[in-house]
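Novice: The primary structure of each chain is shown beneath.
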Amino acid sequence: MINVGLAEEQAALWGVPLRDWMELNNRVYGKEDVFGDFDLDIEANEKWRGEVADVLIENKLVPRANRFLQCSRYAHTYQCKGPQKHKLFSPIYCDLRFCPQCAPRQFARLVKKYEPILKSVESSAKPGFRFREITLTSRNVGSLSPLQVNEFNLEIKKTLKFSMRKVTGWGAIWCDEVGFDNTNLHAHIIFYGPYISQKELARTWKKISGHQVVWI
Amino acid sequence: MTEDSQRGREGYKIWRNPSTRTEPIVYMGEFYPPSPELFFVAAELVALGFGPGVYTVRAPGPEPRPEPRPEPGPNRLISQAPKWHTVQVFK
Chain A
224 MINVGLAEEQ
234 AALWGVPLRD
244 WMELNNRVYG
254 KEDVFGDFDL
264 DIEANEKWRG
274 EVADVLIENK
284 LVPRANRFLQ
294 CSRYAHTYQC
304 KGPQKHKLFS
314 PIYCDLRFCP
324 QCAPRQFARL
334 VKKYEPILKS
344 VESSAKPGFR
354 FREITLTSRN
364 VGSLSPLQVN
374 EFNLEIKKTL
384 KFSMRKVTGW
394 GAIWCDEVGF
404 DNTNLHAHII
414 FYGPYISQKE
424 LARTWKKISG
434 HQVVWI
Chain B
1334 MTEDSQRGRE
1344 GYKIWRNPST
1354 RTEPIVYMGE
1364 FYPPSPELFF
1374 VAAELVALGF
1384 GPGVYTVRAP
1394 GPEPRPEPRP
1404 EPGPNRLISQ
1414 APKWHTVQVF
1424 K
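As given, the protein sequences belong to chains A and B, one line each in that order.
Quick note on the working numbering: the first sequence kicks off at 224 and runs consecutively.
Quick note on the working numbering: the second sequence kicks off at 1334 and runs consecutively.
Quick caveat, the hints were computed from the structure, so don't treat them as lab data.
As the structure is a prediction and not an experimental result, all values here were calculated from the model.
Ideal Cβ placement from N, Cα and C applies to all residues, glycine included.
Treat the hints with caution; some may be incorrect.
What the hints assert, rightly or not - Facing chain B, from chain A, some residues (calculated, C-beta under 10 angstroms):
no., residue
1, Val239
2, Asp243
3, Ile340
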C-alpha cells in the first residue's frame, strides 16, 4: 500500500512529480497496491489484462483497451483548501465492468441505484405479486454480434409483455451475459409480478425467439 | 558537455533497479546525453561509470498523459514511449 507522505518525500528528493514516482515504482516493482487490498499476483494479472486488451484492440476498441491497461496506474492528488490542507490520493480507474478492480464499485453503484426502487415495490406489494428470478437463454451459435444482442433484448421484452398482456403493475430489469468461455447469450431477469408457469413462459419464449431454455 | 550547453535543459534521471521487491530503488542522479536527440544506452552508462545492473531512465519531456482518459493512441505506444526506458549494463 502506498504511503503518500513517504512517496511525496521521495519524489521531492528525486525532483520528479508524484506521478513519475508512481510510474517508476510500477516499472520496477510492478503495479502498486494502492489501497492495500489488491491481490499482488502481478504477473498473472498483467498478462491477463494484456490478453483482454488485445481482444479489445482486435475489435477496434482501442480507447477502451487503453483505459483497461492503465487502470489505477495513474492518480490525481488533491488538497483541501481549508486550514487543515487534507491530502487526498485518487487513482484513475478504467471503470469498466469486467475489470476486477472496478467491477465491485460498479456493483455498488447499481445496488445504490436500484435498491430504493426494490424497497418501494416491496413496501407496497400487490397481492400475488413477488420478485422472481428468470433466466432466458438463446441458442449458442458460436458467434455473437451487437445485432444479435439487440434482437435478443427485443425478444425478451416481447416475451414478457406478451406473458403479462392483461396484467398491470409488473416490471422487470435484466442483465445479458455470455458463458464463461463461449458465446452462450442469456439474460438474468429480476421480474416483479404474478406467478408464471415455466411451461407457459417457455412456450412464449420459443414462439417469439425460437429459443427453448427458460429457468424460473 | 559544457555547462552552457546544459543550461535550460532538463537531464535524464537514472535509477538503479533493485534485484528484489524488498530492496529500495536507488536514485543515481541526473545526467545529460551527448545530444538532446540521443537516449542513454548501456555503453554510455558504462562510460559514465555505471556498474553492471539494470537501470531505469526517465527522459526529459512533457508528461505522457495529462488527461485521465485520452483519446485513442494504441496502448503500445504508451509503453514504448521514450519517456521511460530500461537499460541493462553487463560486465
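Novice: Should the hint that Ile340/A touches chain B count as held when the rule is a Cβ pair under 10 angstroms?
Specialist: violated, 30 angstroms
Novice: Does Val239/A pass the interface check with chain B, least Cβ-Cβ distance below 10 angstroms?
Specialist: Where the cut-off is 10 angstroms and the nearest Cβ of chain B is about 7 angstroms from Val239/A, the hint holds.
Novice: Is the interface hint for Asp243/A satisfied, with its Cβ closer than 10 angstroms to some Cβ of chain B?
Specialist: holds, 6 angstroms
In terms of the numbered hints stated before, the structure departs from hint 3 and from no other.
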